[in-house]
Amino acid sequence: EAQVTQNPRYLITVTGKKLTVTCSQNMNHEYMSWYRQDPGLGLRQIYYSMNVEVTDKGDVPEGYKVSRKEKRNFPLILESPSPNQTSLYFCASSRGGELFFGEGSRLTVL
Amino acid sequence: KNQVEQSPQSLIILEGKNCTLQCNYTVSPFSNLRWYKQDTGRGPVSLTIMTFSENTKSNGRYTATLDADTKQSSLHITASQLSDSASYICVVSGSGGSNYKLTFGKGTLLTVNP
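Chains as they are written, first to last, in our numbering: chain A, 91 to 200; chain B, 49 to 162.
Only chain A is shown next, with the shape it has when bound in the complex:
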């Protein structure tokens, strides 16, 4: 089954404790991206990747890092999480224009 898989789905952590949210797709898509969704603000793009080893900033990249060492994986790294990074995060992949989203990762930073 074609899918985008994110882990963890739910996470509660504390300020400053590094964490990684993994994202994997099995559709051989070149394009992958990360978004955060907050009430009243909609989806906002954090980072995107056009292909392996090619990444670029989206609209809200501050406090986040990404890497794209292989086509299927695009992890989102929070080096020192802060409470304002409490949000619902979505990973997506695409080829030909249509985005395929994961089920989301709800992150709470205390």
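If you're looking for bench data, these hints aren't it; they were derived computationally from the structure.
Every residue gets a Cβ at the ideal spot worked out from N, C-alpha and C, and that includes glycine.
Hints are all accurate, no fakes.
The calculated lysine-lysine pairs, modelled on BS3-like cross-linking and capped at a C-alpha distance of 25 angstroms, are: (1) B:Lys65 with B:Lys105; (2) B:Lys154 with B:Lys49; (3) A:Lys159 with A:Lys107; (4) A:Lys107 with A:Lys155; (5) B:Lys154 with A:Lys147; (6) A:Lys147 with B:Lys49.
Label-pair distances were calculated between CB atoms; the ranges are: (7) A:Thr95 with B:Asn161: 33 to 41 angstroms; (8) A:Thr103 with B:Asn107: 34 to 42 angstroms; (9) B:Gly89 with A:Glu160: 24 to 32 angstroms; (10) A:Thr110 with B:Leu59: 35 to 43 angstroms; (11) B:Ser101 with A:Leu131: 28 to 36 angstroms; (12) B:Ala127 with A:Arg99: 30 to 38 angstroms.
Covered by chain A, per the in silico footprint, the following chain B stretches (three or more residues, Cβ under 8 angstroms): (13) 80 to 87; (14) 91 to 99; (15) 153 to 162.
Given chain A's structure and the hints, the job is docking chain B onto it.
Below, chain B alone, put in the same frame as chain A:
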């Protein structure tokens, strides 16, 4: 600055009724416009994708229209069902180097009541 504005912000209708959601954008140059449906707590799912040359595209009871001159799109839902209750998101992408630099609307929250 590229922007996508959706209206209304929220909408409540009775089951079986039709409704139309609006999307206005200022993204330039324009490549394509997409409508997504997002059920509560789930990832968005694509309904339609429209390019510059397309005026209308249907997906079952969902019909999207695009007027590239006025930079407006609409999503019409016919004979609504309870399962149509969701947030509907309009997403616009620019052409050329910014083709994947997407601009998202904040969505319209549709509630269909029995």
